[in-house]
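Undergrad: One letter stands for each residue in the lines below.
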Amino acid sequence: MLINNEFNEQKIQSPLQYIWHIFKGKNIAVIAMWAIIAMLMISIFCDYLMPFPHSQQHPDMLLLPPYWSDGANPIHLLGTDDLGRDTFSRLLKGIQLTLMGALLITFIVSILGVIVGATAALMKGFKASIMHHLLDALLTIPTLLTALILIVLFGMSYENSLIAVSLSLLPQFIRGIYICIENELQKQHIIALRLDGATNLRLLRYGIFPNIIEPFVTLVNRIFTMAILEITTLGFLGFGANSEQVELGSLITKSLELFYLSPYLVLFPGLAIFLIIIIFNIFSEGVRHSVIEGED
Amino acid sequence: MALLDVRNLSIDINTAQGKIRVIDKANLNIVDGSIHSLVGESGSGKSLIAKAVLGLHNENWIVTADRMFLGNIDLMKLSSRERRKIMGKEIAIIFQNPRSYLDPSKKIVDQMREVLPKKLSAKHFLKKMTAKSTHQQAIKELLHKVGVQNDRDVGNSYPHELSEGICQKVMIAMAIANNPRLLIADEPTTSMEAVTQAQIFRLLFKLNQLHNTTILLLSNNFGSISNLSDYISLIYCGQTVESGSYKQIINSPMHPYTQTMIKTILEFDENIAHKSQLYTLPGSIPPANQLPIGCRLGPRCPKAQRTCVTNPEAVNYKGHIIRCHFPTLDEK
Amino acid sequence: MSADKLTDYHLLMRFILTYISLIFLSGCYQSESTLTNSLIYCADKAPSSFNPQISHDIATLDATTHQLYNRLVKIDPISQRFVADIATHWKVNENKTRYTFFLREDVNFHDTSFFSPTRKLNADDVIFSFKRMLSTQHPYHSVNSDSDNYLYNHPFSNLVSDVVKIDDHTIRFLLNKPDATLLANLAAHYSVIHSQQYATQLLQAGHPEQIDFKPIGTGPYQFKANSSKNIIRYQSHKSPWQLPANIENLIFDITKNSTKRYAKLLSGECDIITNPASSQVKHISKNSEVSLSSQPTGNIALVAFNTKKSPFDSAINRHALSNSIHLDTILEAVFFDTALATNTLLAEHSWAYNPRITKISYSPAHSLQELTDNKFNFSQSLRIIAPVKSSIFNPNFYKTAELIQSNWLDIGVRSEIVLLRPSELDIALQSGNYDVYLTGSSPYIKDPDNLFRPLLSCNASALEGNSSYWCDTKMQSILDDTLLEISFIQRVKNYYQLQALLQAQRVYLPIAHLLRFDVFNDNITGIKIDPLTGINFHFTKKNEPIDMREEQ
Amino acid sequence: MFNYLLRRIYLLCITAFVLTLIAFTIEHLTVHTHFRENTFTHYLNYISAILQGDFGYSIIDKKPILATGLIAFSSTLELCLFAFIIACIVGVPLGIFAGLYRNNGLDYTIMSLALIGLALPVFWVAIIFSVLPNAFGWAMPIDGNISPIYEIPVVSGFLLIDTLLVTQQYQFDAFLNHMIHLILPSSVLAIFLMSEIIRLTRHAITMVMRSNYIKAAHTKGLTRRQIVFRHVLKNALPPIIHQLRLQLSTIISFAMVIEIVFSYQGAGIWLFDSIQQGDYLVLSTAILIISGFILFSSIIIDLLLVFISPTKRKSLYADQ
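Residue numbers (my numbering), protein chains in the order written: chain A, 622 to 917; chain B, 414 to 745; chain C, 272 to 823; chain D, 544 to 863.
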């Protein structure tokens, strides 16, 4: 009735813009986002960034400590290992292998998971119960055990360990998606859509997916964290990368013997894994909270 | 004598867009032993007032009032510890959908034992055992008082096994356990069917008559509570527009908002044309961050004038308080 | 609201206090009694069996030679001369073909849960033990050992023609031809005395193979149990004929990971550890609470060139490629300077060591020149094979191969490293499709013949040690004559000549002579370590840990 | 109640059947690849062999796999139990404090600790913890479940019980020694468990605090601590237990990794060694044992939940 111009016209933002607007407010999450982008850049261009090729040996400079402690050689920023190879470049190579592997796994698992999860949730009758029981059985087997078994079947190599980890994480993701969609289906607006004669696809596209962004983000984050942990654990146990590839987990096993001589060789890869995981967690927490705030 | 005397109570909530004065100079005067109903549309801030009186508000509310007395106790100056004692003893409150206000993981009888007056709910173990029977007896008596006959199986069952009506009765039983001087009922019957509504109102009425507990009834349905209450006050967007005795309000409504409220009561004996428009105020309730200045009914008020922009003063016509620049004074 | 917050902080403080006190309480738990009379020895490998006659790996020697068994004679560690053990004294005829030994009467066997002896040790037991190795008709000859095992019957088969029992406590050895090495062989780890009564008991029970896995002997400790494959328990001999051992129960805890072994030593879970990681030896020597004992062993790490295939069939190529390997880096990076650099196969402390040997000098430019002169085909890629697991010869074969590969790459010679599991390794060695093979050799008696014969003799196969497929008539003749040579000086001269020849041909490139390291806490005394026959816990004493003593 | 149990057991059988199917395919692919007769009959006698408890013999030490497997798995359970107790003692109070004082200093510190705890790679923390005591000079054992000095005959497989049965020989030394051996590995596992429990408790507590019956409790004049202990905890417990049940398989896989680092004789080491030595028959037995346990414990936890929270019971009756 009375449009008083004192109050500024509220621009109706699209939900994504609105979430982005809230996300910008959280500075920790933004820092985490920039850290992720930096890490992606590092792992993509790591071959050019590395001061030395990761397997090049410097026989004269063995077991140098990192630059901040005495007796260090500034060229080798984080010192060298027992064969004179530069720790910093091996770390970069390790980050590249682990991070890229984990991102690949998360991508594959989320694509497959969504497809299978959605079909499972929308299926009715006998097919659904078979899928349900198979999922239940797969979920009781610990993910590490499944990965070990698949490694034993395929043989021990880095690529096989990636496949093994992704297959072991798939059931977890499918169950997560299944539960999210199941909860959504009970909601009235889905029934309304169904009454309009929406096909399954349309139902998914408009009804379900926009509303399950928040659980989806949590799931992807959990799967990414477990992927990183499992790749590095398999590498650590010696089932993943063979002696050539310098994956973060196997890097720790290789330098375990030198722990008393130079503990840094074991500490740095561990810290790198920890950093990758915590940055991704903070970023996804930020996204999750902004999505929740966006909704209510 | 006024049991609860609240003058010029105003509550500011600082939200992201700055401070909003939700309750603007509300005043409430409840006579001891009467049923006072506070009527307002949902979202008009009546449960905020109840919370402010009980002191249940959280940190980011700023409560200022000239006078807020319960009998001779000044509620503003109480420390949280005394106020908590008051809440247990002097004032009790019952809510809208009662089942969610009962602890789902405990039996009814355990929850009621919590509420029994201190000397009965004994502390250390030995006394507790002997006191068990007296508790049983007290609870049985309370349940009978609120009209729940099969107290044994209601006591041993869980909240989710009871219907809304019985849950409300149990809430009332718990409220009157310490026979408080004031019982606040925050829309007790909205989520129930008509039959249980009538039961609950009859129960409240009986309580008022027999035990002389003053009842503050908050409701948005003018029709159902009007014939029950002795005093009525109306509230719109946080401002108390009119309050007075039942006869004064029903017979000579002065504030336009009260008039519309009375018009909304449907007497079926009137011969309303088929499919005619029911009478409502034009426009809708303004959102919290765009409240009009001065009299908040301003934009929707049929008799709005320029002077309505300033805040009208409360005028008292022999107990009939009205806050409007142009009250319809019928000289009858 | 604020009053409640205070009370809750008190609650939080109280929780934290209880946890901290809980953790401190757990610090002091070491109880006195079970500590001092049990000794934990952390070995790096499980013994393949409990009979030094059939398995010669160092783990078996540690677990059995001095602990479980006795031999006829033994070497006195100080004077290096043969001293009495079960045989009190012995007589030799003039042309050294008949040795007669007189045995003690009071030696009794172990009395364990699975066997209790009824008689003391007599000549039958000695005959039984040696006949098992000598005659093929002996019921226990082929038990637990594949008959064509070269090491199994070599020491005695062409040395001793027969062992004869004179009476209950005297026996006589009849030799085919006069040989000076009999006493050395009798003092070796593999001439131990088993109980014949136990053997017959097992034969009747139908489980002859148990003799090598539930051993019965006469040593200071007796075998108690082998519960899991990682823990072996010994008990002190119930009726010892020698000085009784002062440790009640001796426990072998097999911990494969070397870092874990050292960590267990520091945390007190092991009293003695063997074979620490070479990278940690420097750090251990600096640690004041533990003492490090290092013994020169005859073991040598070497690189074998496959002389059957080009390019290593020509001696010039072998010289050039050997000189282009920078041995000092290998010493530093792989052995962390815990092994003795060497130019010869024989160790310095051996009596047949030829000091006038040309040193290997690192000269990559010169060797590149030699290779181009010899028209070396640079396009080929040399195939370096090595065992995947570390062994007593080399703590990390892969690292050594990597260093050699990068050294050769500097002079333009390309090579690829192939790590093989033991089964694949045997196939590769037999088929011979490799150019370089990283290996080592570990002689088990002091005699130089024991080192040279497996490496150089024509009739030694690649599996038995001759991984260079080397067969040279001159060297073969020297080897065989010196074995029969009686005069000591002539044998020394022959071995000098052999070493000179070997240095000229450069069949093997010796990397380093290895030391045997053992680390033990300061409260352990009386450990004797003989590099050839293993560790001896007979006289070991364990007094209270030092910090306890300071408190009293 | 009874047919709820019946329905759960029916579900259990189907899942167990699918598990044996998975275990059989793995065994078929790895070990008995050369079987000629068709797989169905092979599967039948595989099932009959399992039902008689004959899981085959390990090629390393010729002992029946089932026996070694169960003993190994029992010490893993011990580790998980001990870690769970530590995690609860530390995690639950912290979670409650974080839940009660939302969005202020205490809450942020606790939540960041939980976030760090979740992000730490378990095997790396195990390595650090195995070297830590030596750095600080404590004589804390870091290897195996008990010092080899004590000879413990295996009775129940659970060392905590077996060590108490040999008290006449070793008094309580063996038991104490085993407890001390348990401290380090279980505190590493407890870090992960604690952060998980803190996160879940905080979430549950905030949900309960927002509910109406807590407002009603305030109006009844109960003090904050009375409200927390009487109402909040009892209602917050079921969702926490339900979430933990879903995490059970992750907890067990982390426990196995920790065992390998501390060479604590549990299912982890047993599996790791047998795979290293190529004894793949162990794999299918390991699946049956571990997943069987997880399946069984999820049923038990379900029943526990039904007893604790009456609302679950309502959903139970409504199902009929």
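It is worth saying that the hints were derived from the structure and are not from the lab.
Any given hint could be a false lead.
[Unchecked claim] Think about it this way: if two alpha-carbon atoms lie no more than 16 angstroms apart in a straight line, the pair counts; the simulated EDC-like pairs of lysine to aspartate or glutamate are:
{"#": "1", "chain 1": "D", "residue 1": "763", "chain 2": "B", "residue 2": "527"}
{"#": "2", "chain 1": "D", "residue 1": "606", "chain 2": "B", "residue 2": "503"}
{"#": "3", "chain 1": "C", "residue 1": "436", "chain 2": "C", "residue 2": "382"}
{"#": "4", "chain 1": "C", "residue 1": "670", "chain 2": "A", "residue 2": "803"}
{"#": "5", "chain 1": "A", "residue 1": "875", "chain 2": "C", "residue 2": "673"}
{"#": "6", "chain 1": "C", "residue 1": "495", "chain 2": "D", "residue 2": "816"}
{"#": "7", "chain 1": "C", "residue 1": "500", "chain 2": "D", "residue 2": "816"}
{"#": "8", "chain 1": "D", "residue 1": "763", "chain 2": "B", "residue 2": "523"}
{"#": "9", "chain 1": "D", "residue 1": "606", "chain 2": "B", "residue 2": "523"}
{"#": "10", "chain 1": "B", "residue 1": "520", "chain 2": "B", "residue 2": "487"}
{"#": "11", "chain 1": "D", "residue 1": "763", "chain 2": "B", "residue 2": "566"}
{"#": "12", "chain 1": "A", "residue 1": "745", "chain 2": "A", "residue 2": "803"}
{"#": "13", "chain 1": "D", "residue 1": "758", "chain 2": "B", "residue 2": "566"}
{"#": "14", "chain 1": "C", "residue 1": "799", "chain 2": "C", "residue 2": "395"}
{"#": "15", "chain 1": "C", "residue 1": "557", "chain 2": "C", "residue 2": "599"}
{"#": "16", "chain 1": "C", "residue 1": "500", "chain 2": "D", "residue 2": "604"}
{"#": "17", "chain 1": "C", "residue 1": "500", "chain 2": "D", "residue 2": "597"}
{"#": "18", "chain 1": "C", "residue 1": "527", "chain 2": "D", "residue 2": "694"}
{"#": "19", "chain 1": "D", "residue 1": "777", "chain 2": "B", "residue 2": "495"}
{"#": "20", "chain 1": "B", "residue 1": "553", "chain 2": "B", "residue 2": "566"}
{"#": "21", "chain 1": "C", "residue 1": "316", "chain 2": "D", "residue 2": "816"}
Undergrad: Hint by hint, which ones does this structure get wrong, listed from lowest number up?
TA: 2, 3, 4, 6, 9, 10, 11, 13, 14, 15, 17, 18, 19
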